[in-house]
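**Q** Chains as they are written, first to last, in the working numbering: chain A, 128 to 516; chain B, 737 to 1128.
Be aware that one or more of the hints could be misleading.
Straight-line Cα separation of at most 25 Å, DSS-like style, residue types lysine-lysine; simulated pairs [to be verified]:
id, chain 1, residue 1, chain 2, residue 2
1, B, Lys1023, A, Lys475
2, B, Lys1072, A, Lys188
3, A, Lys181, B, Lys1049
4, B, Lys792, A, Lys407
5, B, Lys797, A, Lys422
6, B, Lys796, A, Lys413
7, A, Lys413, B, Lys797
8, B, Lys781, A, Lys409
9, A, Lys310, A, Lys265
10, B, Lys1072, B, Lys1049
11, B, Lys1023, A, Lys413
12, B, Lys797, A, Lys407
13, B, Lys1023, A, Lys188
14, A, Lys183, B, Lys797
15, A, Lys413, A, Lys438
16, B, Lys786, A, Lys188
17, A, Lys181, B, Lys895
By construction, these hints were calculated from the structure, which means they are not laboratory data.
Chain residues, written in single-letter form:
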Amino acid sequence: MRLSERSGKIESFHVRKILEMLDKRRHDPSIISFGGGAASLAPPQEMIHSLFSKLKNNPRKYSTYTPSQGIYTLRWKIAKNLRKYGVKISPEQVVMTDGGTEALFLAFSALFNPGDHVLIQDPGYFNYENPLRFLGVKAKYFRTRMKDNYQISEGELKRRLTKKTKGIVVVSPNNPAGTLLTKASIKTLARFAKKHKLWIVCDEAYRSVVFEGCYEDIYRYAPKNCVNLTTFSKSASSPGLRLGYIYGPKDAIERMVRVKELTSLCSNSWSQTAVQEFFKIKDSYKANVLIPTYKRRRNAMAVALAKYLPKAKWIMPQGGFYIYADFSSYRKGKNDVSAAEKLFKKEKVVVVPGSCFGPSGKGHLRLTFVSEEVGQIEEGIRRIARFFR
Amino acid sequence: MHFANRAVNIEGSPVRKLVKMIEDCMHDPSIISFGGGAPSLAPPKEAIEKTLERIKTEPKKSSSYGSSYGPASLRKLIADDLRKGGLNYPADQIAVTEGGQAAIFALFGGLFNPGDEVIVSDPSFLAYGEALKFLGLKPVYLPTSVETGFQPDQETLLKLVGPKTKGMIFATPDNPTGRILDDTACKLVADIAKDKNMWILSDIAYKEIIFEGKYYDQANYAPDNTIGLGSFSKVISLPGVRLGYIYGPKEAVDIAVKVKQQFSLCPNSWGMIAAEESYAYKDKYLKEEVIPSYKEKRDVMAAAVKKHLPEAKFALPRGAFYLFPNFTPYFEKIKKTDDEIWDDVFKKAKLALIPGIHFGPSGLNHLRLTYVTETPERIEEGVKRLEKFFSG
Ligand SMILES: Cc1ncc(COP(=O)(O)O)c(C=O)c1O
Ligand SMILES: Cc1ncc(COP(=O)(O)O)c(C=O)c1O
């Protein structure tokens, strides 16, 4: 039977293959994973306990549909929390989503028409092009470079701008590169978007995972042009809960809620209930568990890389889960896809080829530092070094 | 700033207005709700206890990302369950979805091209039309009526099939009509689908919420054309966890999963544990709690409408949550539009419901009355209020 052409245009993620590889890991403890994007900690106990007691007291109330936009008190907490970053919004300007993934789909569906062009960052997260293409929107890369600390250049944006350009997608902290947009980049971007009447879709999935410096929220610089999205997958170590949110101008959010009524009706009531509690302990969880654990692992990977793979070029990530390194100085590193495949087969190390993150990713590999313990991280880097020698 | 036409053109769901009304119910106990689509029972207690136990023992594993298809263990349980109803699908032809709603959206996106026409039984679940339009597809309404028990009529159906018609969708048991497709209808639909090379989407969200009669399935007659979708929202009273599933030819399931990945990486993990645990208790739960409770309420509402609103025409629903009477004589007396009546009923009679017109053009002059939500006493009281409202 016939299937739709639209769906034929979707490419399966390379990352799906990695998940399959990881699936095999259950049976093979000698595999070291620098591949996934999942938080490696357990979600805070408090979240789980709070959901438990609520489900025991009133299982029906906490297991029924919620409003499509999400539970009001939760959106209120989100709005309040954003004040700390100078973002002044009301709960009406927030919609709860099934993770960052649905948030991106809602934004793209509500903002762009078939035939529109949208600029996406190279390197950047690999899951922007497919949903855009599914919706008939054309993604065009704009380049950011390691030598510029992956910051945004107005000249580059101008070169990519066409009459059909309607938006720009940025990711900060960057996946894969780990850099945060500086205030200067943010101001450039905000000015550019206002001047050319563009939407900025800002993917802040890792906004709570910042090791040095402060997260600067672009929203306050262009509140009429920005829709910002994030997820509890990373900050609350609970990717399985499939919960995130998107905030922006009220009319944009209203339209996204309408789309959400068609994609998922509403987000999970248990997850929303658990995350209500997360807001009570968020700061201490971040300061005492999340950041110290991941920072230790990041540092271990950085030290090992410098020691065993001195010719690799990379920037110390300020945030996120990954080190993104250019291995093209090594002969076997020039072809990142084959390097990734061989690393898995020969050395049992899972990594993601840089080409997944845009055309400039050739010769790069993304190495997740959050998944393994310090000892395993060092061992993994030693294996990669052995492979490149 | 600019917006996408596809989003601007979505008609605000009437459910949103209803949700507002229902929220008011919580604050104002004098409002009676015949409006919602959520079950009124708590999910099976033992299943919830088992679920919490599993989350507690393995907090990290139970909160992680997983396959977009859902775990093999759950897919196998779904396969076993479908087999009991005579539907034979191996686990790799089944995928878990983020509720029935996500299944509908993913299937429409995966099976049809912009410009294609899809036949929608009229009246039926209100999200079909909007989701089709959003994706650039055209819903073509197939009128059905209480006189023929809301079964599709061969002649009417054939007249609607044109070169652009690529599929049909039926819910059985249906929302809002409560109709279960009979064997003749299933065969008819299957024959047309095979003949014209069309997909049949079979929405079994209310599977097993059946009080009388037998369930038939188009898949028995046209397995290569039929793709089904189910939900954990109604049967085990867990709408909040947003879980459903699809089953059918493997290539169709695969393509729907690909579309689904554009708006969801994978179904949520805690919910899937609950879904797995529910299977051990489902039959008992349905037999001892769900069916007796809903059936009693259905009978109370049906009797009350017969007694207080004798000119309303309806078929006793054999399944699902709703009574769907045709109130034409009453509407004619009032001389107001369906939506004006909606507002008025809420304001004056303090009764929340949805006018039938939102379920398709044939729903004109009907009201959908949910019977599962309120107690028998309040159901009786609600119907009396409706009578009073109509008598001015
Ligand atoms: C940059 C970025 N955005 C969005 C997501 C989506 O994650 P989720 O759907 O779990 O929220 C991810 C996950 O890896 C990500 O890295
Ligand atoms: C016929 C029908 N199909 C599908 C659904 C979607 O339900 P869910 O997304 O909760 O599975 C509903 C809900 O009301 C329905 O009535």
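**Q** Each of the hints needs a verdict: does it hold here or not?
**A** Here is how each hint holds up against the structure:
Simply put, Lys1023(B) and Lys475(A) have alpha-carbon atoms about 52 Å apart, too far for the 25 Å limit, and the pair is violated. For the proposed pair Lys1072(B) and Lys188(A), the alpha carbon gap of about 36 Å is over 25 Å, so the pair is violated. At roughly 43 Å between alpha-carbon atoms, Lys181(A) and Lys1049(B) are farther apart than 25 Å, so this suggested pair is violated. Of the supplied pair hints, the one linking Lys792(B) and Lys407(A) holds, its CA atoms being roughly 20 Å apart against a limit of 25 Å.
Between Lys797(B) and Lys422(A), the direct Cα distance comes to roughly 22 Å. Compliance with the 25 Å bound is thereby established for this hinted pair. Taking the CA atoms of Lys796(B) and Lys413(A), the gap is near 17 Å; set against the 25 Å cutoff, the hint holds. With a C-alpha separation of about 20 Å, the suggested pair Lys413(A) and Lys797(B) falls inside the 25 Å cut-off, and the hint holds. Of the pairs offered as hints, the one joining Lys781(B) and Lys409(A) is violated, with about 31 Å between alpha carbons and a cut-off of 25 Å exceeded.
Of the pairs offered as hints, the one joining Lys310(A) and Lys265(A) is violated, with about 28 Å between alpha carbons and a cut-off of 25 Å exceeded. A C-alpha spacing of about 19 Å is found between Lys1072(B) and Lys1049(B), which places the hinted pair at or below 25 Å, so the restraint holds. Taking the CA atoms of Lys1023(B) and Lys413(A), the gap is near 47 Å; set against the 25 Å cutoff, the hint is violated. Under the criterion of a C-alpha separation no larger than 25 Å, the hint pairing Lys797(B) with Lys407(A) is consistent with the structure, at around 24 Å.
At roughly 22 Å between alpha-carbon atoms, Lys1023(B) and Lys188(A) fall within 25 Å of each other, so this suggested pair holds. Between Lys183(A) and Lys797(B) the CA atoms are separated by roughly 22 Å; this keeps the pair inside 25 Å, and the hint holds. Using a Cα cut-off of 25 Å, the hinted pair Lys413(A) and Lys438(A) is violated, with the two alpha carbons roughly 34 Å apart. Distance check on the hinted pair: Lys786(B) and Lys188(A) sit about 19 Å apart at the alpha-carbon level, within 25 Å; holds.
This hinted pair does not check out: Lys181(A) and Lys895(B) have alpha carbons roughly 53 Å apart, beyond 25 Å.
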